[in-house]
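A.B. asks: Start from the sequences and build out the full structure, keeping to the hints where you can.
Order-wise, the sequence lines are chains U and Z. The numbers in the numbering used here rise by one with no breaks, and the one at position 269 of the first sequence is 269. The numbers in the numbering used here rise by one with no breaks, and the one at position 208 of the second sequence is 208.
Errors might be hidden in some of the hints.
Intra- or inter-copy, both count: the list cannot distinguish identical chains.
[Unchecked claim] Below, computed lysine-lysine pairings styled on BS3-like, alpha-carbon distance capped at 30 Å:
(1) Lys89 with Lys303
(2) Lys173 with Lys252
(3) Lys252 with Lys176
(4) Lys77 with Lys198
(5) Lys328 with Lys198
(6) Lys282 with Lys272
(7) Lys269 with Lys251
(8) Lys176 with Lys251
(9) Lys329 with Lys202
(10) Lys269 with Lys123
(11) Lys27 with Lys261
(12) Lys269 with Lys303
(13) Lys272 with Lys261
(14) Lys176 with Lys261
(15) Lys244 with Lys269
(16) Lys54 with Lys27
(17) Lys51 with Lys30
(18) Lys123 with Lys151
(19) Lys303 with Lys251
(20) Lys269 with Lys328
(21) Lys261 with Lys244
No wet-lab data here; the hints were simulated from the structure.
There are 2 protein chains.
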Amino acid sequence: MIKILVDAMGGDNAPAATVEGCVQALKNDKELYLVLTGRQNDIEAELVKYKYDKSRIEIVDCPDVIDMNDIPTEAIKRKQSSLIAGFWKLKKEDDLCALVTAGSTGATIVGCQLILGRIRGIKRPALCPAIPNSRGSVTLLCDCGANAECKPVMLCQFALLASAYAEVGFGIKNPKVGLLSNGTEEHKGDPLHQETYKYLSKMQGIDFYGNIEGRDIMLSPCDVAVADGFSGNIALKSMEGCGKLVLGVMKKEFSATLSSKIGYLFMRKAIKNMRGQLDFEKFGGALLLGLKKVVVKSHGSSKASTIAASIANAASIYRKGLVPAVEKKLENVDFDTLIPEEE
Amino acid sequence: MIKILVDAMGGDNAPAATVEGCVQALKNDKELYLVLTGRQNDIEAELVKYKYDKSRIEIVDCPDVIDMNDIPTEAIKRKQSSLIAGFWKLKKEDDLCALVTAGSTGATIVGCQLILGRIRGIKRPALCPAIPNSRGSVTLLCDCGANAECKPVMLCQFALLASAYAEVGFGIKNPKVGLLSNGTEEHKGDPLHQETYKYLSKMQGIDFYGNIEGRDIMLSPCDVAVADGFSGNIALKSMEGCGKLVLGVMKKEFSATLSSKIGYLFMRKAIKNMRGQLDFEKFGGALLLGLKKVVVKSHGSSKASTIAASIANAASIYRKGLVPAVEKKLENVDFDTLIPEEE
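C.D. replies: Below, the structure is given as structure tokens:
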């Protein structure tokens, strides 16, 4: 049995989408057991809409809710919220394997840092989504928003964390690591990135490729794109915005004339395939790396299918043993020796 | 007559594409007169392929060439290169209105800074492309790579420069200015962006909208996205990579089956329209703002049509009086009072 905690109140479409996603996830994976945190009445009102195995769902009543406008460090004090209560349970109960939330990113990160806790030796958790790339595989973008301010040691650790995720989660051997910068040449970037380049070049346990540009996230030979959380977030959102605009323009143009409407009938399958290949949310949400347990942050606008994918992803990553894999990788790198000037 | 200098040797497809682009530009605009810098023999060997008005093209022989691998501050010492000789001519000759190059971005920026010179009061030039957006208009992204390290005063000046460009170049009244960050909330970002937010809020002469995310560059109500050159470059390239991947997948899927091939025949016009709306290079290259004359940096991979568009854009921006418009805007803002701590 794999026991996963789901923040039933997190996200724009909660609890309807989260509850439906939980029911879907239970159907797809017979080993799952889900603990839903949130307003019991609201969750039960959704659950009655579905047929599901009642012995595999448990509700923990949390009357309070955190929304996107709350300041994360304040929000964390509300111990009766679905997210914060979830983090406390996750920390305390050994049999809980993972947490899935579509709630506030800021509050999630604060919960990871201040409640759940990091793997020994890791300075900061990092948010790491899997971006579809031109090889039909994924590029792991790490960090994409957990840390707006970074130091070289953090970027080096992101390289290690995402390499472990690429190996364990996607079966990529010797994942290639690129450093996201404003050009491919070694001298590019600000002092933070120039310094990080030097350390990544001599770091053990990763296969450093060099600097990469934003376009290389989706087009490159790299499996991991290391970024500070500020520019990593901008990269992710810029790609999302572009994808959304392209699909919007496509939809408009493809229904603009009789000819294009006829064409669309012949192309439906091709367009569906295309959308499938470009789906940012194929794996549900982004993983939070560097923590003692698996945490998946699903998009705020997650639909039921995205929540189900996030739960499935959390279960899969737990089964494959990401946390022990990171701990093993950490044994081979002494960050204090690699980066002596730091802290 | 509008006299424009073209770096005939700059870019991956030079001088073939640059020379062909020059010939196209001359045909489209009867007032143009072009000065091509580069290897005279190579340029002449291309020119003989076309019919054009010989009285409207002049060649300045420059035996040396700067390529992407040169270090910009070293490259600038090569005064016989097509780009550097171009900058010296542009600075010295009053009747030259603008320079167009598809050469090295780094060398172009160094040429702007060290040879051509900035408008009085402007700290740094900024690279500012026009990105297609969901309103069928453009978002001006400023800076997108000229300055990897920024200070608040620079970002505030980018807001002013790009606002002037939006007004003069695209006829947008009271352009809305967003600050590119890792979230929309006021507290988001690193100290540089948090501080800049405060100054932009009280700055005269611009209409500050607040923080925007990467997705808002293509999807938002803003006309200007202010960015430090590091994350602005990453945003631009990330969108380019995404656009390229989407078009690549589309091409593959649309020719994968007989059904989709038939569909394509009905959709050719729709797909052409779509590509037109999403073309990053509709206006040729990115403008360099804050300089005494108009400089357009065309993409390294520019084809002839892109070079022609860049030349047309340079002529248009000169005609519309961007430089005097910036100077006028500068009269209303006292940056030393606005940002007293700076320098």
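A.B. asks: A separate judgement is required for each hint: does it hold in the structure or not?
C.D. replies: We went through each hint and held it up to the structure:
1. For a Cα distance limit of 30 Å, the shortest separation of lysine 89 from lysine 303 inside one copy, 25 Å, qualifies, whereas the shortest one across copies, 59 Å, does not.
2. For the homomeric pair lysine 173 and lysine 252, the shortest alpha-carbon distance between copies (27 Å) is at most 30 Å, but the shortest distance inside one copy (42 Å) is not.
3. For the identical chains of this complex, lysine 252 and lysine 176 are inter-copy neighbours only, at 26 Å across copies versus 39 Å inside a copy, given an alpha-carbon limit of 30 Å.
4. Taking CA atoms no more than 30 Å apart as the test, lysine 77 paired with lysine 198 passes between copies only; the shortest distance there is 28 Å, against 40 Å inside one copy.
5. In the homo-oligomer, the alpha carbons of lysine 328 and lysine 198 lie at most 30 Å apart inside one protomer (24 Å), although the nearest pairing across protomers, at 45 Å, exceeds that limit.
6. Within a single copy, lysine 282 and lysine 272 get their C-alpha atoms as close as 13 Å, and across copies as close as 29 Å, so both meet the 30 Å cut-off.
7. For the homomeric pair lysine 269 and lysine 251, the shortest alpha-carbon distances inside one copy (15 Å) and between copies (14 Å) are both at most 30 Å.
8. Taking CA atoms no more than 30 Å apart as the test, lysine 176 paired with lysine 251 passes between copies only; the shortest distance there is 28 Å, against 36 Å inside one copy.
9. Taking the shortest alpha-carbon separations for lysine 329 and lysine 202, only the intra-copy value of 15 Å comes in at or below 30 Å, while the best inter-copy value is 49 Å.
10. Proximity of lysine 269 and lysine 123 under a CA criterion of 30 Å is satisfied in neither setting, with 46 Å inside one chain copy and 53 Å between copies.
11. For the identical chains of this complex, lysine 27 and lysine 261 are neighbours neither inside a copy (37 Å) nor across copies (38 Å), given an alpha-carbon limit of 30 Å.
12. Within a single copy, lysine 269 and lysine 303 get their C-alpha atoms as close as 22 Å, which meets the 30 Å cut-off; across copies the closest is 34 Å, which misses it.
13. Taking the shortest alpha-carbon separations for lysine 272 and lysine 261, both the intra-copy value of 15 Å and the inter-copy value of 15 Å come in at or below 30 Å.
14. Neither within a single protomer nor between protomers do lysine 176 and lysine 261 lie at most 30 Å apart by alpha-carbon distance, with minima of 43 Å and 36 Å respectively.
15. Taking the shortest alpha-carbon separations for lysine 244 and lysine 269, both the intra-copy value of 19 Å and the inter-copy value of 21 Å come in at or below 30 Å.
16. Proximity of lysine 54 and lysine 27 under a CA criterion of 30 Å is satisfied intra-copy only: 12 Å inside one chain copy versus 75 Å between copies.
17. Within a single copy, lysine 51 and lysine 30 get their C-alpha atoms as close as 15 Å, which meets the 30 Å cut-off; across copies the closest is 74 Å, which misses it.
18. Within a single copy, lysine 123 and lysine 151 get their C-alpha atoms as close as 10 Å, and across copies as close as 28 Å, so both meet the 30 Å cut-off.
19. Proximity of lysine 303 and lysine 251 under a CA criterion of 30 Å is satisfied in both settings, with 20 Å inside one chain copy and 29 Å between copies.
20. For a Cα distance limit of 30 Å, the shortest separation of lysine 269 from lysine 328 qualifies neither inside one copy, at 44 Å, nor across copies, at 56 Å.
21. Taking the shortest Cα distances, lysine 261 and lysine 244 sit within 30 Å of each other both inside one copy (21 Å) and across copies (25 Å).
Violated hints, listed in ascending order, are 10, 11, 14 and 20; each of the other numbered hints is respected by the structure.
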